[in-house]
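Student: Protein chains in written order, with this note's numbering: chain Y, 1258 to 1686; chain W, 1258 to 1686; chain R, 1258 to 1686; chain B, 1258 to 1686.
Check the hints yourself; a few may be wrong.
As the list makes no split between identical chains, a pair holds if one copy fits it or if it spans any two.
Claimed, not checked - In silico BS3-like links for lysine-lysine, alpha-carbon gap of 30 Å or less:
1. Lys1636 to Lys1328
2. Lys1462 to Lys1659
3. Lys1574 to Lys1466
4. Lys1266 to Lys1659
5. Lys1337 to Lys1636
6. Lys1645 to Lys1574
7. Lys1337 to Lys1266
8. Lys1266 to Lys1636
9. Lys1290 to Lys1671
10. Lys1462 to Lys1337
11. Lys1462 to Lys1274
Source of the hints: derived by calculation from the structure; they are not laboratory data.
There are 4 protein chains.
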Amino acid sequence: MRHDLAEEKVFKDPVHKYIYVQDQTIWNLINTKEFQRLRRIRQLGTSYLTFHGAEHSRFSHSLGVYEITRKIISQFERNKYPDWPEEERLVSLCASLLHDVGHGPFSHSIEDVFDTHHEEWTCRIIMEDTEINRVLRSVSEDFPAKVASVICKTYPQPIVISLVSSQMDADRMDYLLRDAYYTGVNYGTFDLDRILRVLRPYRDKIVVKESGMHAVEDYLMSRYQMYWQVYFHPVTRSSEIILRQIFRRAKELYAGTYTFQFMMEPLEKLLSNDLDVAAYLQLDEALVQTVFSQWMNEQDQLLANLCERFIDRALYKYVTVEQMDETLNAQIRANFEKIGLHPDYHLEIDYPFDLPYHVYRPGNSEGEEKAPILLLGSKEQLEDISDKSDIIRSIAGLHRGKYHLYYPEEELLKHNNQLDDEIRQLFGV
Amino acid sequence: MRHDLAEEKVFKDPVHKYIYVQDQTIWNLINTKEFQRLRRIRQLGTSYLTFHGAEHSRFSHSLGVYEITRKIISQFERNKYPDWPEEERLVSLCASLLHDVGHGPFSHSIEDVFDTHHEEWTCRIIMEDTEINRVLRSVSEDFPAKVASVICKTYPQPIVISLVSSQMDADRMDYLLRDAYYTGVNYGTFDLDRILRVLRPYRDKIVVKESGMHAVEDYLMSRYQMYWQVYFHPVTRSSEIILRQIFRRAKELYAGTYTFQFMMEPLEKLLSNDLDVAAYLQLDEALVQTVFSQWMNEQDQLLANLCERFIDRALYKYVTVEQMDETLNAQIRANFEKIGLHPDYHLEIDYPFDLPYHVYRPGNSEGEEKAPILLLGSKEQLEDISDKSDIIRSIAGLHRGKYHLYYPEEELLKHNNQLDDEIRQLFGV
Amino acid sequence: MRHDLAEEKVFKDPVHKYIYVQDQTIWNLINTKEFQRLRRIRQLGTSYLTFHGAEHSRFSHSLGVYEITRKIISQFERNKYPDWPEEERLVSLCASLLHDVGHGPFSHSIEDVFDTHHEEWTCRIIMEDTEINRVLRSVSEDFPAKVASVICKTYPQPIVISLVSSQMDADRMDYLLRDAYYTGVNYGTFDLDRILRVLRPYRDKIVVKESGMHAVEDYLMSRYQMYWQVYFHPVTRSSEIILRQIFRRAKELYAGTYTFQFMMEPLEKLLSNDLDVAAYLQLDEALVQTVFSQWMNEQDQLLANLCERFIDRALYKYVTVEQMDETLNAQIRANFEKIGLHPDYHLEIDYPFDLPYHVYRPGNSEGEEKAPILLLGSKEQLEDISDKSDIIRSIAGLHRGKYHLYYPEEELLKHNNQLDDEIRQLFGV
Amino acid sequence: MRHDLAEEKVFKDPVHKYIYVQDQTIWNLINTKEFQRLRRIRQLGTSYLTFHGAEHSRFSHSLGVYEITRKIISQFERNKYPDWPEEERLVSLCASLLHDVGHGPFSHSIEDVFDTHHEEWTCRIIMEDTEINRVLRSVSEDFPAKVASVICKTYPQPIVISLVSSQMDADRMDYLLRDAYYTGVNYGTFDLDRILRVLRPYRDKIVVKESGMHAVEDYLMSRYQMYWQVYFHPVTRSSEIILRQIFRRAKELYAGTYTFQFMMEPLEKLLSNDLDVAAYLQLDEALVQTVFSQWMNEQDQLLANLCERFIDRALYKYVTVEQMDETLNAQIRANFEKIGLHPDYHLEIDYPFDLPYHVYRPGNSEGEEKAPILLLGSKEQLEDISDKSDIIRSIAGLHRGKYHLYYPEEELLKHNNQLDDEIRQLFGV
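Isolated chain Y, as found in the complex (with noise of 0.2 Å):
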């Protein structure tokens, strides 16, 4: 229990009110440019284009994940409850801080086109030469390799890595709350106050007294809103495919022989597959759409059109489809290209069932990283929630099977006169 700033500090936070901060090594973490610099990344990557107040930055959702931790262990401590070990508080509130730290501009889209790894970051961030491990070590010269393995999940306490991440850790409390705060969209509330109470220590996890069932049904009907709201919003997932589409064509041209008007040092060396921890922590979102907005002014007709379309918000529509087979893909790219348009550019297919989604996996699942939710029964039974509650036994296992098709609807109005009727009563043209 160390708690050793003179007067504490607290951050005006409008989903917890305030965040307080107890620790000097806290309070210095806060402070390191690494960390200042996730005030330049948006929590919900181009989630603001669809919901114009999802501007909240992964700052304030890592302020929000620490504080939820530290509202958990601070439970725990005034309770005396045994199973904690009190002595591994400040490196689960450390995690808890740094478990975003690694995250680029819009992750995902970076992610999935030049296979980078956020947590591969964090724990790089954390362990070379930065002002976070600067501080770590001010701790002890092994405390860097202990936060991050608690972050990827190698640390030898297990409940220290039940607390950090699970299926109902404090990141989902905190982005579900957050999310649904700064776009409006109230599904994602939930009563965070009456989980937090009924989270116990048990043996070498986090579990829930039984008599908090329902407020965890109410934590998980709330993820499932939020998704389908929020998160796969077709209008997000449109502007998330321009993006994809932009870093494809520009990883493209650099491996070809185009040279760019413009390009700048952290962006040539993510193209170059030739990143270090000093560029990568150069590349936020500003720097991103600065470059973007040069880039409309790019030769390549193609790349500068898909960065128009995500700067100024001229995104691709979408219609839905129940059924989707390899004939009819076949047909609606052949059809686009009779056009001029680049199938593989003008056209996605999305199929959310695709999306690694689940509101809730019970503990047997194949695949699922984190630790189901347990409830602890009056007799010290451990139960996974699935079990017990009906409503999260029927909507463990549901999907939606439709699928979104995404393309440029300007392009096929001015055309629609050279494409089959088939593909024109699809795309409504």
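Guided by the hints, dock chains W, R and B onto chain Y, whose structure is given.
Tutor: Relative to chain Y, chains W, R and B alone:
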């Protein structure tokens, strides 16, 4: 009364729940690239460095101002008030939506250093060759000029000017609520619904039914609180000072013989006082931040250091002083020079009273451009709110009188043994 | 479209912010003594003994139902939907406002014991010699009958019945929001604005635009949560049981030779099954509580003790049992009798599944009186929400199956040495 | 620091989210019948006739005052402030919880007519033979006297009195927030969390850290608004006047030869000035309302009519008058008598300035019983808030000066042809 969209469009908005668009013209204006650019300009400039939630853009605010104006007009139409000229609806809505479209990045600092004015740019963007101009001209050839004249207050219908600009206009009402929401500071809330219900068109003015006086008092109290809690927060002032120093230094260097290692065209045009509308529109906060990130490597140490301070949020600290005079000022400057600091860049004496701030200025106040708030009594008499409300009269003239001194604390600490005793005591080093 | 009040009247309401009255008839109805009487009937019966905030009355709720109906109709009128018969506005508003006017004190318990029905009383209050009847007759001689027939679902315009009564009607929407607000339980909130925007008159029904499906899901989830968190809360059930026992005991005593030391006429008429409208209207919760306070001094110990339990909130405790059969039941009763308890009064076995509760019942469900929720697709096809929404289908049939046993804990503790071991274990005494 | 409940108990509360009980003594006090009786006394008396949401009870408020006090003490303990005497925790909590336990139904009217004082009854309920007294005595024999002496401000530890009673005490903070919540008026909200964080025990007082000044200003502004918007609302005043007239008339009749057709013992003891604790505790709002309902049939027409007005909410109307003098008063009374009205019952001239109201009274104010709000500066100096805050100084002495005349409008309308012209004009009949 044009409501010509086949189906009303809505935007989800955290402050007003929903923003309703019923006119094709409004819809088209929102989709212009000049209006979309407002997404890249923060509403509160550098306040996000103090209140991490305050990352909202002028795009959101502009939609909010439009929505409040729409609600006011819709109330007037519903009640069929004879003093409201119904044909002025669209021009009023367009002026509300576009009133901030000429804002640049971190407007206050740029306007201060380069003597530009966002109102002027707003009018140029409306009148010159832009998408906005084209949309407005599709209404009628003289429509752009009409909209611009509402914004610059020369429109022949005074009631429209009164609607769009007064001491309790849609602009102020939206920003108080919005800034309160995003900072998380709950001082800025007031009962918007009630205020909207007591507004009345009366002859050539928008006035307030007398029974709404307390709601107006509450609005002005919110304003008072937001000024002192948020808008004049010393940490925000500190970041604005850094920003202004950067621009001043860059301007100074550019005017001399210095060669910048990194420069981008729109910024160069700003430095050379050579901006046209096209270049101005490229000046957004992403570009400014990206340039500053690069300037951290400039050879001019002063510029590089200021940029680093801004990007990494290593702001100047401040002390509060009751009195300041020439002698003290000179002594401080001499001390700063003695330890190698540049008193024009490393010191700023800030006196909030200089700021153009008044909770409320009665109708006969000199120099107040915004119309006063008039109460409409039951006998159709009009009275200035400060004549009816004791509390408003009491605070209308209040001001604070403390000096804040901003400076680089680390530098003073490093060399504190070379400073005069009074100076050391003053800065607490 | 009658809007005949010179100036709109407003009520401040915590749930809807304001309630707007535009019709003289509505205003007059609210001011009748029969409607004002609803201030003396709590909306949630005895729930205030569990959730201390739930002290709101049926008066508030009735205004809320009216307001939601007014908003729906006003949206229909604004959009000029051809399927909405505009002449049905006033009858719809009156029916909404008055639908609960026949509720008595603690309705559920009284209806249960005395086999009365509040719907019947509502119709009698509308049709017999009351202020409400006079106000309605001032519209037209047959207007009271029209309003009553909407409430009892025999009105010839089915769309009006669909508006006033369905599985997502103004009644349910208001009480979920209102009960959530007053209890402080935040499970009951959903996006009312959005639901109001997606409702459509379609042929003779009110349906939901397909795009509003998620909002409806959220409304049904709120309903699910409120049922289990609030409406079926075991402590509330316990207080209802006490109340029902009081009424049962009083009825039993009255039917016998017992002479009450204290009695008031309206209650006596209830006991003697001799209520007319005038007496019924005097039956409010103040009267019932006052009589119970006096009955604490009755010579019948059972009655006196039950009243004391109710007034002083000394409720029965409960235990939860997975299974219950005749044998166990008989054993418990025998044990209770052994220690001098009266198993018909000191024991109640409650099984929530008996309660007429369903989150949602598809259109073809037997015994469901309320119209289903239909989605209107883009091709004008109608589908039951449970056919489109996986999550609704999943939960439509869910129920819980645990028994709760309610009993006077003190008595069991006092005599626990006389109880069978299983019984002691079961009750934990 | 006694926290002796095995497991913390919680109440769901709409204002504070949850109310936490950690002490067996507090739990037992809440469960006494005298405390439960507060459920039958409304917090805002007749305000529910103006704001239909304001149906909350003194039970809810008392829990809220307790919770705020608990939070303050818990902050003091967490920070280990040396000036806080930790052994005073329980007595402070009990005094907070019980401070209103002596309130009767519609206290203000009853106290006015019968010259009773709720503080006195609070002390008697604590000291005489009650369940509350028994619970307190189980702590120690002198504990009831200690708790009572905190409430009547004779307790030897002044810091405890300062905590429980001041111009910014838990009582005021809870009622502002709670009344704002239940009325739906959002003027009464302020940042409770922030105020709790800046309170400090300092020598024998509770003071406010200087940096919290704006939060205190905001609290006082809320108070100002709530007074004028809610507490002094003329419709509420009208219903209080009716109520007072009923009590006055009943007292007058009882003192004479009149025989009541209906009477209940506790009320008779009030009329005969013969109340003891047992009878006082039976006097709740249910009983008063029930008696009034019966009195609607009394032979005394004045009493019957006043009761009908109260029960059916047929209140007196009011007009506002700037000036009032003896001549006008006499003329009005003469006119009222001329048309058969009783000027002592059918007329009331109300002047809000008579009300014991002040937003804030500085420490040296005469007649102010509640301790002033002191700011603790960085150099440990104490200053009255009105010396530091311009806005508080400005409003501390403000008052309004309009007369309201309350009267039965129907009667004046019926006989308006017999009234003087000035009087007709004055009352608009």
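Student: List, from low to high, the hint numbers that the structure doesn't satisfy.
Tutor: none
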